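*Asks:* Each chain, letter by letter, is given below.
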Amino acid sequence: MNSSDSTAAGRPHEREGTMNRFVLRLGLVAAACVIAAFVPGLLPNLFYVHIANLTLISGIFALSLWIIYSVGQLSLSHAAFAGIGAYASALLTLRLGIPPIFSLVIAGLLTATVAALLGSVILRLRGVYFVLVTFLVGQMFTLVALNWQDVTNGANGLISISPITVLGLNFGPRPMFFYFAFGMFMATLLFTWALTRSTFGRAFNSIEQNIDLAEICGIDTARYQVVAFTIGSGIAGVGGALIAHYIRYISPDTFTFHNSVAYITMLVVGGRSLFWGAVVGAAFLTPLPEFLRDFEGLQRIIYGAIMILVLRILPGGLISIPDKLARLGGRK
Amino acid sequence: MTVLLALEGVTKRFGGLMALKDINFTISEGEIIGLIGPNGAGKTTCFNVISGTLPPSDGKISFCGKTIVGLRSNRIIRMGLSRTYQATSVFPKSTVLENVVRGAFSRSEDTFLGSMLGTRASKAAQARERDRCMAILEQVGIQHVYNDLAGELPYGYQRRLGVAIALAGSPKVIMMDEPAAGLNPEESKAMGQLIREIHSSGNVSVLIVEHDMKLVMGICHRIIVLDHGEQIAAGTPEEVRNNPHVIEAYLGTEVVG
Amino acid sequence: MDIVTLLTQAGVNGLVIGTMYALMAIGFTLVFGIMRVVNFAHGEFYMAGSFIAFLTYAQWQLPFAATIVIAILLVGFVGALIEWVLIRPLRADELTGMIATLGISVVLQNSALMFFGASPRPMPEVISGLVRIGPAVFSWSRIFVIVSAVLVIGVFWLFMQKSRTGRAMRAVAQDREAALIQGIDVERIFPLAFGISVALAAVAGALMAPVFSVSPFVGITPMLKAFIVVILGGLGSIPGAVLGGLLLGMIESFGATMLGAMIADMLQLALVIAILLIRPSGLLGRKEA
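Protein chains in written order, with numbering that gives the first Met the number 0: chain A, 0 to 331; chain B, 0 to 256; chain C, 0 to 288.
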């Protein structure tokens with residue numbers, strides 16, 4: 000947990016203590032990196048490595064969706080922005096021959112720009128109205144991707160997208176891609192964490208808790224909502240580009256409404272109140288359907304059922320389990 | 000005495016309904032002004048128009064000599080015109096102290112990059128902020144619960160917290176929408192005392208909407224009376240109390256103080 | 000074919016899809032108006048209606064009227080149950096209630112996929128043959144859809160206007176607090192409203208099953224259209240849903256005839272996003288307080 004100066008759930012007792020806390024965090028990050036270094040070698044086969052890779056990318060999507068959610072807005076266009084990033088990066092490498100490592104960055108910036116322009120128009124809506132409009136934006140993306148034949152190649156999608164190479168290192172093979180995805184995931188995670196404790200994070204959280212009061216605290220609620228939407232959707236664009244250069248094939252089916260729902264499910268199941276709930280949700284839900292591959296349909300049913308179940312009996316998500324247990328223990 | 004807030008011919012229409020009609024008044028430095036009137040007289044609408052929540056249909060509003068019509072609320076508030084809401088309005092999931100710190104958001108010396116990286120300067124700025132906000136909590140008398148979650152505070156404390164949040168922005172004028180609503184007579188009296196203290200200690204002008212006549216008559220220098228969106232009287236508590244229009248407007252409702 | 004024939008054909012087609020959209024949108028808007036829940040699973044109840052028609056009419060060869068009755072009762076009951084068990088505890092927060100319906104949608108759609116498979120199944124027509132009016136030719140099956148849908152909408156309208164329960168529903172939609180004060184049992188109204196809402200979607204699904212084919216995914220498009228209609232007509236407004244449905248049906252039919260289906264679809268989405276931004280309360284809806 001981060002210090003209480005940033006997020007809402009800051010409990011009274013975790014107030015002070017700076018130096019050892021910093022060391023602890025550094026240690027955690029270092030430990031995560033060391034463990035990650037051995038993961039591809041320890042996993043029994045490439046299929047598991049593949050799932051680990053998908054999980055890391057899901058983590059990026061879920062975290063970026065959380066950033067948008069942290070101003071109290073639920074976006075159903077997250078997959079669409081991932082798609083914009085994916086198509087942009089793929090086309091930049093396929094048509095202009097830009098190396099993927101650069102196209103990745105350009106795609107992220109481009110997606111963020113689209114999000115900023117769109118966000119400044121649609122973020123005047125809140126609650127279910129915003130959800131509806133983002134749903135429609137998602138539909139619009141699918142239509143455009145399907146029908147703009149010259150650019151997107153329609154339903155056939157784009158094939159043979161080149162893998163990411165940096166200084167001669169090829170991140171195309173699954174175990175190699177794992178390291179790249181892990182780096183990107185850690186960067187997103189640390190960025191999100193730093194964001195929550197920044198002045199922006201404080202403004203986002205104020206808006207989420209009480210937008211009218213935030214406005215009369217002198218917080219420019221309209222601007223900060225656009226900022227959150229731009230950052231979140233921009234990161235989703237990078238995530239989409241990662242998929243494009245990893246799977247090396249994208250089509251309109253890669254970025255549908257169902258993907259957006261899956262990211263929301265990760266948030267809900269992991270826990271919406273804190274950013275690492277998104278990580279927990281992604282880590283829990285991404286491997287799950289992959290192991291149920293043999294039962295077509297069942298994987299999604301379980302997905303939906305888990306979501307409803309969690310909403311019903313664990314509204315705080317998986318990350319609220321320790322709290323809940325502690326409370327149960329205390330009562331006895 | 001310099002004029003801080005001035006309304007000239009302010010009018011607000013909702014469709015065909017005249018919610019405010021030709022309102023004119025000023026607030027000068029160091030004044031406590033009461034805005035009263037029967038239910039539906041347009042008091043809250045008047046607040047919303049001044050604070051930029053609703054655009055006026057017509058008329059001029061200026062603050063410190065600059066027109067504020069068309070500015071968004073957060074801009075107006077940053078110029079030094081704070082307000083509180085009629086209902087309790089706090090950040091329920093944050094601590095009481097954190098609530099006040101957020102009220103001071105626009106006054107903060109903390110920077111985005113500094114806070115993101117957790118620099119020493121940022122931490123020092125935040126510490127100074129917390130100290131200043133603790134002093135404000137002391138002023139409104141709820142410093143002992145600074146570490147409680149705002150959503151779990153008793154009602155009377157939440158009202159006081161609302162005032163503290165507004166004060167944190169270092170306002171020149173503070174507008175309070177029914178600060179004593181829902182308080183018992185004792186708490187109401189204490190609220191009146193608090194408003195007087197705020198006024199005297201910080202050189203803050205106050206504009207209050209309030210139903211509790213005893214409170215309004217007791218603390219206000221001047222009173223403006225609205226009825227059906229029209230300004231029917233203005234003057235000292237004495238003058239207003241004896242004004243026949245006012246008595247007529249309140250006839251059948253509560254007795255004037 | 001001359002232009003008049005073309006336009007008449009387009010008009011009748013517009014009426015067919017328009018009445019279907021209206022049926023879908025009425026239910027969708029009813030639930031939003033009364034419960035403040037955006038039901039993302041609405042299309043799955045349409046799908047359920049389609050499969051009930053497929054089973055009872057095409058396979059068991061029951062009369063089509065029986066099919067409709069079964070669809071209404073079965074789906075209505077299941078809907079009320081879903082409201083009672085799953086949505087009720089989550090309704091307090093608009094977003095949470097909506098997320099729950101996303102989950103329900105996923106479960107229902109994929110359950111159908113598991114039981115029936117993905118391939119679309121054709122259905123025999125209820126009434127076959129063609130009718131010639133002037134130069135234009137229509138199939139009886141389409142006219143049957145229009146007439147049935149209008150009948151169902153009529154019955155629903157009478158129910159909302161005349162019956163005690165219907166009036167109570169309108170009162171709750173208008174102002175929940177006031178309805179409570181009048182002694183209306185709001186808690187009983189919710190499952191009922193949800194049941195009626197999804198039963199209407201099932202009727203639409205059953206009626207359209209012979210026109211289109213039946214598959215686990217047939218509900219997606221009608222739901223998207225219900226969204227659009229409801230935004231056009233105003234979230235929560237029933238007259239808005241009827242008019243919006245007919246309007247969208249016509250726009251779509253004429254748009255597809257004159258511009259092509261793809262461009263018509265895009266224009267539709269753009270139009271609706273614009274309306275949502277300029278006037279979130281819809282063309283006929285009342286402003287939110």
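Please keep in mind that the hints were generated in silico from the structure rather than gathered at the bench.
The structure displayed is predicted, hence computed values, not measured ones.
C-beta atoms are modelled at their ideal positions from N, C-alpha and C, and glycine is treated no differently.
Worth double-checking, as some hints may not be accurate.
What the hints assert, rightly or not - The following label-pair restraints were derived from C-beta to C-beta distances:
1. C:F76 to A:V165: 58 to 64 Å
2. B:A180 to A:H257: 46 to 52 Å
3. A:A325 to B:C63: 48 to 54 Å
4. A:L23 to B:F13: 17 to 23 Å
5. C:P238 to B:K59: 39 to 45 Å
6. B:N23 to C:A273: 17 to 23 Å
7. A:D211 to B:L16: 42 to 48 Å
8. C:L266 to A:I100: 38 to 44 Å
9. C:R278 to A:R326: 45 to 51 Å
10. C:L266 to A:F21: 35 to 41 Å
11. A:R123 to C:G182: 35 to 41 Å
12. A:P174 to B:F111: 36 to 42 Å
13. B:A180 to C:K161: 41 to 47 Å
14. B:Q85 to C:G116: 37 to 43 Å
*Asks:* Compare the structure with each hint and give your call.
*Replies:* Quick rundown of the hints versus the structure:
C:F76 and A:V165 have their C-beta atoms about 60 Å apart, which keeps the hinted 58 to 64 Å range intact. Evaluation of the 46 to 52 Å hint for B:A180 and A:H257 yields a pass: the beta carbon distance comes to about 48 Å. For A:A325 and B:C63, the hinted distance range of 48 to 54 Å is satisfied, since their beta carbons lie about 52 Å from each other. For the pair A:L23 and B:F13, the supplied restraint of 17 to 23 Å is violated, since their beta-carbon distance comes to about 57 Å.
Look at C:P238 against B:K59: about 42 Å separates their beta carbons, and that is inside 39 to 45 Å. In this structure the supplied range 17 to 23 Å is violated for B:N23 paired with C:A273, their Cβ-Cβ distance being about 40 Å. A:D211 and B:L16 have their C-beta atoms about 23 Å apart, which leaves the hinted 42 to 48 Å range violated. Between C:L266 and A:I100, the C-beta spacing of about 39 Å keeps the proposed range 38 to 44 Å intact.
The beta-carbon spacing between C:R278 and A:R326, approximately 46 Å, falls within the hinted interval of 45 to 51 Å. Separation of C:L266 from A:F21 is about 56 Å and departs from the stated range, judged on CB atoms against 35 to 41 Å. Hint check: A:R123 to C:G182, Cβ distance near 39 Å, so the stated range 35 to 41 Å holds. For the pair A:P174 and B:F111, the supplied restraint of 36 to 42 Å holds, since their beta-carbon distance comes to about 38 Å.
For B:A180 paired with C:K161, a C-beta distance near 43 Å keeps the hint of 41 to 47 Å intact. Look at B:Q85 against C:G116: about 59 Å separates their beta carbons, and that is not inside 37 to 43 Å.
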